[in-house]
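Asker: Letter by letter, the chains look like this.
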Amino acid sequence: MPFFKTIRWIVWKDLVCELRSRETISSMLFFALIVILVFSFSFSMDQDAARQLIAGIIWVSFTFTGIIGLGKSFSSELQNDCLEALQISPIPKGAVYLGKVLANFLFMLSVEILLFPLFILFFNLDVVEELGILLLVFLLATLGLSAVGTLFSALTVQIRAREVMLPVLLLPLAVPVMIAAVEATRGTLNGDPYAFYSQWIQLLVVFDIIFTVVSFWLFELILDS
Amino acid sequence: MIAIQATNLSKAYGFYRIFEDLSFEIRAGECFALFGPNGAGKTTLLRILATLQQPSHGQFSVFGQDGVTEKDLVRQSLMVIAHGSHLYDELTGFENLQFALALRGQAFDPKTLKYGLDRVGIGAFGDLKIRQYSAGMKKRLALAKVVIGKPKLLLLDEPYNALDEAGVTMTNLIIQQTLAREGAVLMTTHDRDKAAHVATRGGILQSGHLQHLTREQLT
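As they're listed, the protein sequences go chains A and B.
Counting in the working numbering, the first sequence runs from 5 upward without gaps.
Counting in the working numbering, the second sequence runs from 56 upward without gaps.
To be clear, the hints were calculated from the coordinates, so they are not data collected in a lab.
Just so you know, not all the hints are guaranteed correct.
Computed from the model, here is a short list of chain B residues facing chain A with C-beta under 7 Å [to be verified]:
1) Glu125
2) Asp127
3) Gln131
4) Gly139
5) Ser140
6) Leu142
7) Thr147
8) Phe154
9) Ala157
10) Leu158
11) Phe180
12) Gly204
Computed Cβ-Cβ distance ranges for the label pairs, DEER-style [stated by the list, open to error]:
13) A/Arg26 to B/Gly69: 37 to 45 Å
14) B/Asp164 to A/Leu139: 37 to 45 Å
15) B/Tyr71 to A/Glu167: 42 to 50 Å
16) A/Ser31 to B/His245: 40 to 48 Å
Glycine included, every Cβ here is placed at the ideal spot set by N, Cα and C.
Next comes chain A alone, as it looks inside the complex (with noise of 0.2 Å):
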């Protein structure tokens, strides 16, 4: 089967089934709002103090959230088997990689559009012109988040404990592209020149495919075992 045709299906499938569902969106929004709540009260900031701490409050609540949705990408398959019909299926494994990861890229990302905007009411940031910069910083974050998120996903998925495992083995790894989208997302609501803050940019577009990369030579392993 031709490798493009296999990722399109495995997104088709994985979008239909969450649109009906709504199982892992619904959980990551709720989840995204408490968090969004809780930091909005724990703190009151002027403008120029919610620029300096936002960025990080931003991603603490988009990576754990992330964590929800890429946790349901594979226990979902445990449903009447479906991961041994993908095991036994002639397809090349490195595009069921890409799918879910592609689907799990999309779930997040929906997920941050939907909240960023509270962000903004809540914390009474003005980003207007900053949104190019921030909507390249997420969809790089998010990438980077997904790719390797996806892998440890399947990883964990056989293990009885994989809701404790996965946020175990993925936040330490997730480390770079945390730091790197915090540090990026920082220089922009603060306004500072591209340059100040693009060292960033391009370490998250270097995690993206080194993560990437690696784990898509690893997936067929992985789900084999």
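Following the hints, put chain B in place on chain A, whose structure we already have.
Answerer: Same frame as chain A, now just chain B:
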């Protein structure tokens, strides 16, 4: 042509040996019925042949392709109907059929898919989500994949479970059609009477060993 050739297959979990030194062959056009008590290792053997598990020792091939080193080629020839339905609850019967066949690299037009559903008696329920299907309907949908997908090797784990009388007859008909196009079937079952209608040979897996049965001994 030899469909399955197993040589000294053994499986153990730690010190617990499920079966040891199983050697057998199934030819194209044959249906092999595997019987045995619960826990004898029938499903484990089926999972090994389906490339879902690796044997501890020994080797097997499917239509000449090695089951361990040429998994991808083996997977192109086989289809499995197992205890799990391999169906997504949020997709309709039609969509599940389309998705399952697409993953085998087989794209069919809606008319063919509808024909498959009609053949197994669930054509009227193609637009229902799987979560609304009964166990028997799920089994029939799995059979629809076989009707359209036409695999060379069919591995069936307890195929008669959850099926009514018409479903059993239909399953046996689909098995016969697989054999007629020079395919092969391996089924595990406890139901000797139903299997006897289609099985050409059989065996009893017990205490880790396989005792072969002739066609006459099956009935």
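Asker: Now look at each hint and say whether the structure bears it out.
Answerer: For each hint, the structure was consulted:
no.: 1; hint: Glu125; result: 11 Å, violated
no.: 2; hint: Asp127; result: 6 Å, holds
no.: 3; hint: Gln131; result: 4 Å, holds
no.: 4; hint: Gly139; result: 2 Å, holds
no.: 5; hint: Ser140; result: 5 Å, holds
no.: 6; hint: Leu142; result: 5 Å, holds
no.: 7; hint: Thr147; result: 10 Å, violated
no.: 8; hint: Phe154; result: 6 Å, holds
no.: 9; hint: Ala157; result: 5 Å, holds
no.: 10; hint: Leu158; result: 4 Å, holds
no.: 11; hint: Phe180; result: 17 Å, violated
no.: 12; hint: Gly204; result: 11 Å, violated
no.: 13; hint: A/Arg26 to B/Gly69: 37 to 45 Å; result: 43 Å, holds
no.: 14; hint: B/Asp164 to A/Leu139: 37 to 45 Å; result: 40 Å, holds
no.: 15; hint: B/Tyr71 to A/Glu167: 42 to 50 Å; result: 29 Å, violated
no.: 16; hint: A/Ser31 to B/His245: 40 to 48 Å; result: 41 Å, holds
In summary, the structure is inconsistent with hints 1, 7, 11, 12, 15 from the numbered list given earlier, while agreeing with the others.
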